[in-house]
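Trainee: Residue numbers (full-length UniProt numbering), protein chains in the order written: chain S, 1 to 222; chain H, 1 to 438.
Calculated directly from the structure, the hints in this document are not laboratory data. Idealized CB from N, CA, C, for every residue including glycine. Please note: incorrect hints may appear among the correct ones.
[What the hints assert, rightly or not] Beyond 12 Å from chain S on every Cβ pair, some chain H residues (computed):
| hint | residue |
| --- | --- |
| 1 | Ile183 |
| 2 | Glu328 |
| 3 | Thr437 |
[To be verified] For each label pair, taking beta carbons as the anchor points, the in silico distance ranges come out as:
| hint | chain 1 | residue 1 | chain 2 | residue 2 | range |
| --- | --- | --- | --- | --- | --- |
| 4 | H | Glu278 | S | Gly99 | 43 to 51 Å |
| 5 | H | Ala23 | S | Gly6 | 52 to 60 Å |
| 6 | S | Glu7 | H | Glu71 | 18 to 26 Å |
| 7 | H | Gly337 | S | Gly99 | 28 to 36 Å |
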Amino acid sequence: MEALSGEVREINRALRALPDGASAVVADPRGRHNLAVGLDAAVRITLDGPAGYYTGGLGKRADLTVNGPVGWGVGENLMSGRVHVKGDASQSAAASAHGGLVVVDGDASLRAAISLKGGTLAVGGSVGAYCGFMAQAGTVLIGGDAGDGLGDSLYEAVIYVAGSIAGLGTDARIEDLTDADVQAVRDLAKTCGFDHIDPENVTKVASARTLYHFSTQHHASY
Amino acid sequence: MNHTFPPSVIAEIQQRASLGRYAIRGLGARRAVPTFDDLLLLTASASRYPLEGYREKCATRTVLGARNAAEPVVLDIPITIAGMSFGALSASAKDALGRAASEVGTSTTTGDGGMTPEERQSSKTLVYQCLPSRYGFDPDDLRKADAVEIVLGQGAKPGGGGMLLGQKVGPRVASMRTLPEGIDQRSASRHPDWTGPDDLTIKILELREATDWRIPVYVKVGATRVEHDVKLAIAAGADVVVVDGMQGGTAATQDAFIEHTGIPTLAAVRLASDAIAEVGADVQLIISGGVRSGADVAKALALGADAVSIGVGSLIALGCNDSAYTDESGARVDVTGDYKKLKVLPGGCAECHTGACPVGIATQEPALERRLDPGLGAERVANYLRSLVMETTMLARACGKSDVHRLEPEDLVALTIEAAAMARVPLAGTSWIPGVTG
Numbered sequence: 001m002e003a004l005s006g007e008v009r010e011i012n013r014a015l016r017a018l019p020d021g022a023s024a025v026v027a028d029p030r031g032r033h034n035l036a037v038g039l040d041a042a043v044r045i046t047l048d049g050p051a052g053y054y055t056g057g058l059g060k061r062a063d064l065t066v067n068g069p070v071g072w073g074v075g076e077n078l079m080s081g082r083v084h085v086k087g088d089a090s091q092s093a094a095a096s097a098h099g100g101l102v103v104v105d106g107d108a109s110l111r112a113a114i115s116l117k118g119g120t121l122a123v124g125g126s127v128g129a130y131c132g133f134m135a136q137a138g139t140v141l142i143g144g145d146a147g148d149g150l151g152d153s154l155y156e157a158v159i160y161v162a163g164s165i166a167g168l169g170t171d172a173r174i175e176d177l178t179d180a181d182v183q184a185v186r187d188l189a190k191t192c193g194f195d196h197i198d199p200e201n202v203t204k205v206a207s208a209r210t211l212y213h214f215s216t217q218h219h220a221s222y
Numbered sequence: 001m002n003h004t005f006p007p008s009v010i011a012e013i014q015q016r017a018s019l020g021r022y023a024i025r026g027l028g029a030r031r032a033v034p035t036f037d038d039l040l041l042l043t044a045s046a047s048r049y050p051l052e053g054y055r056e057k058c059a060t061r062t063v064l065g066a067r068n069a070a071e072p073v074v075l076d077i078p079i080t081i082a083g084m085s086f087g088a089l090s091a092s093a094k095d096a097l098g099r100a101a102s103e104v105g106t107s108t109t110t111g112d113g114g115m116t117p118e119e120r121q122s123s124k125t126l127v128y129q130c131l132p133s134r135y136g137f138d139p140d141d142l143r144k145a146d147a148v149e150i151v152l153g154q155g156a157k158p159g160g161g162g163m164l165l166g167q168k169v170g171p172r173v174a175s176m177r178t179l180p181e182g183i184d185q186r187s188a189s190r191h192p193d194w195t196g197p198d199d200l201t202i203k204i205l206e207l208r209e210a211t212d213w214r215i216p217v218y219v220k221v222g223a224t225r226v227e228h229d230v231k232l233a234i235a236a237g238a239d240v241v242v243v244d245g246m247q248g249g250t251a252a253t254q255d256a257f258i259e260h261t262g263i264p265t266l267a268a269v270r271l272a273s274d275a276i277a278e279v280g281a282d283v284q285l286i287i288s289g290g291v292r293s294g295a296d297v298a299k300a301l302a303l304g305a306d307a308v309s310i311g312v313g314s315l316i317a318l319g320c321n322d323s324a325y326t327d328e329s330g331a332r333v334d335v336t337g338d339y340k341k342l343k344v345l346p347g348g349c350a351e352c353h354t355g356a357c358p359v360g361i362a363t364q365e366p367a368l369e370r371r372l373d374p375g376l377g378a379e380r381v382a383n384y385l386r387s388l389v390m391e392t393t394m395l396a397r398a399c400g401k402s403d404v405h406r407l408e409p410e411d412l413v414a415l416t417i418e419a420a421a422m423a424r425v426p427l428a429g430t431s432w433i434p435g436v437t438g
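Pulled out of the complex, with its shape left as it was, chain H reads as follows (with noise of 0.2 Å):
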């Protein structure tokens, strides 16, 4: 095989040859880099002391952004939902995803393109995220809200801007985001009212004078220069810093955007708990990008993070590249037919730009929304959040712990050298964590 041109490159520059454009898509890297499959937990044996799995308390609690708010976010687990517009998501997925949040006790986030008065009502606890597009963006919705997130950049495509293509902007999401239906719609990659972080400080201020310092500020960062972005946003005033990975998805971006910029999440993790740590705030971590499993969230508040935050996953455990979706029978149809039609199979459909989701989940067409029934959605995200919750307070038991925000760097080791010298721990069999112990 050529390695240089192999078929996939050659089927690439054909159609780049063809459409006169490079490859836009959705979902996340699909590049192997090093994850926290790369780790492995030191569970107890004699040197530490297991808890019972089924039977001992292991505390998931989590309060985020104390630092200034008079009301916290406080939610049972250290799991959220990470942003995602209406506009590249339905209105009933985005409903669904409230419904599941509110089940499971955690929050989820709206997205480019404002806050729906369905995603309030189901959301028990809701950031609303400020973004560079300002689309929608209403001081109402803003007092509505229980946090606001900063979005300086987002790990697909750190430094771009959104991208919503002309077939998913319907008359709604063209009338919320005050644009002519149809267009392929630009967002703009930085923020329209401040240039860098000393700005940033006095627009934070702002957002705090206007909703009375009630609610957390957090600031979203997409995982590139980490340490100074991580300390630059503390030192702006954020409560929560988001820190969201290379493998973190979107709805539509350029491929080159996709695989080639930012960092591993694994990487950033530790980055930012660092760079937290040194600076010495009460400042809690968020970071996504990739996280899949309990397994990845235990690994990842071992290393520092304080929550994780899920959207592809998310999106997955509503329907996301299933064969079938569920009609209003109960029955299962099969929609093999319509992946056909987007030249994909299911479980291989990065086609959310597109606008032609065979489930109903990255659609605004009528006819495919109905697709998705948001009860039977919200039942699907919610029994995937209790099974990661159930994963990671198991793991944390088995290490000892009776607080999954005990899980510690001491409580892993790494697989590969790449690993260990990202995560800052050893390599497992050894005291060598590269880089630090030589």
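Okay, chain S solo, but in the shape it has when bound (with noise of 0.2 Å):
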């Protein structure tokens, strides 16, 4: 698929209409915004090139591949299926996603997996600030260092982190890794192909849980 001619609706309106099974190419996407948005097809699609913000966002069952770096909130809101980035993302990849994979590659900005809902988000490289602010379930696996405020009011969503943490937001705590842990994150790797990744140290990071109810005593973290 030659995406030079195309406007976004215009492409998006032919991938949608694919069939199960379908494969496409859009041979340049040029940063555009708004890719591959609201696909309910189990179609393998790739975007051979930088993309821009919420590439492959709404989506569903597809199998997306960007051959490149991507704007703000790629995976937004996924269902299911998969995004993989072949390069680095923006602020918050992955964000409110209930379900599926968001793979980056690279390196992601600020608030990623932001109000995470089920979604897993595999991040090869490092975070920014407020990774898994108010995340509620699902699972984040980043392959480098973690910025600040990790998990900042997390409530049932587990990030692992293979390298550095900058500092925990607040309610965070770091766990001890079960072997379910372990094997969780083995298979993620795995399936990512973080081959960089030792599944026995990576640092588990969870919900406290102390601000599930409001209390006086815990108004200084509101």
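The two chains are supplied separately, each in an independent frame; assemble them into the complex guided by the hints.
Mentor: So this is what it looks like as structure tokens:
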């Protein structure tokens, strides 16, 4: 699929018209926003170059690969399927993703996995501050370092970090790895091709659950 | 009486000392602020020619969102039902509101917590809210919606996030919101995936792409910096701007938010309509926040709104604050005792946050929810909405209008200087518009 002459709307219409099992390549996405948004079929799509905001957002079932970096909100509100970024991602990667897998080979900027609701975000490199802010459910794997405020106000989501952590956010705490955690990290790293992650030497961050009920004693945390 | 520490303030301080927290409650502002009651309609006599009240047609058809959407929202009346969440309200209450809206030809709106199958089934026209929390936000539901409303703020708590105390986070609510049961849920006050109007532009386009540009995009703001917010919403691509004044309701928030933030609906509507006129865009305005009567509707339309949205009024019609509910046999069952357990009386209850709603509306308790029959509730809300439409058209005809959308600021005067300044209409009996004509 040659995208040079097509508007985003036309490209998306063409992608959404693909039947299950079909494949397509957008040859030159040129960093445009909202590409491959709202997909709902078991299709395999490649954006062969940099893409803009919300790449693959609001999607289901599709397998999307981006050969380059992406802007804000890649895989935003993903329901199922996979988005693989072969580059870096800007802010709010996998924001509010309810399901599916977002893989970022490079680094991700601020607030990755913010408000995550059951999806999985795997970042091969490092993430910026406030990764996992208010994440409710799901899994985050960070192959590099994590910025400040990691896991601030987490609910039931779990974050694994292979590198260093600049600082934990409010109500986040480090927990011991269980065998199940190690296996989960091993499986996810293998799926993503992240050979540099040692599953037995990641740091697990989860909610301390002290903010689940309002309490005057915690007023400084709210 | 001590004006600094009257009995109500003393009681509030004592409650803070006892509970260790500030007051949280439902409903809208209690304090007296300028309202539509401070305006009067200049109906026709000699200089204007009235229409026959019960004989001549007065159109109420309302079209929203034709700017970009292939399928704009077309309503029979200019009155819609505001967004209220499943979670704050019972599923039966949401169902009843949908049925009522469908019966009178208008829309209802989802809320923080996603779309229930019941309300989609019962609502002919359903507006799907995209809230900062994104609880239960599902592209499948988005595609089932007739419009999408990006909520940036709410009149009762502009700048504040949502709040649902643990007693209302039952199994179904928890599942829809991906939260543990029984926790005090804190909704975000800002959207997770954008931080300003330039980003909002791209967010709006994402929603358009996901719906193939079929449905309108509304943007809802709490009434604070109305002029700037409305202009930015339009610049970002909104088809419809919803402005919720400070009298707007809530199921639960801090009393300090309800009483001390935002601006009155009366002030907001004129600021918003002027901002739209200044920009010159084909954008519709929905105003909400304490709209109760046909007179309120007529005045809001005259000041530039294309439609109004009603939340608390709809709930009261449904049975909120009623002293009794109607059981399966049709008998009225007095529930004054249940109100007293909440330390309130029917007519003065704002205990939505407790989940112990005696009439089954603001609850997730199955035994309480059964007190609300969706069919009967829908009939009451439909009656209420019809009465508003009859009043609105009656007043519009008396102003000589064959269409409620032809009401205009010239049809209004103000009873107080404050209202005259806010609505920018003359003080009654004068040509003086404070701040405009001197």
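Trainee: Now, for every hint given, state plainly whether the structure supports it.
Mentor: Here is what the structure says about each hint:
Consistency note on H:Ile183: stated as away from chain S, yet its beta-carbon is not over 12 Å from all of that chain's, at 4 Å minimum. Look at H:Glu328: its CB is around 37 Å from the nearest CB on chain S, clear of 12 Å, so calling it non-interface holds up. Chain S leaves H:Thr437 outside its interface by the beta-carbon criterion, the shortest separation being 47 Å against a cut-off of 12 Å. About 44 Å separates the C-beta atoms of H:Glu278 and S:Gly99, a value consistent with the hinted range of 43 to 51 Å.
In this structure the supplied range 52 to 60 Å holds for H:Ala23 paired with S:Gly6, their Cβ-Cβ distance being about 56 Å. The given range of 18 to 26 Å is respected by S:Glu7 and H:Glu71, whose C-beta atoms sit roughly 20 Å from each other. Separated by about 46 Å at the C-beta atoms, H:Gly337 and S:Gly99 break the suggested range of 28 to 36 Å.
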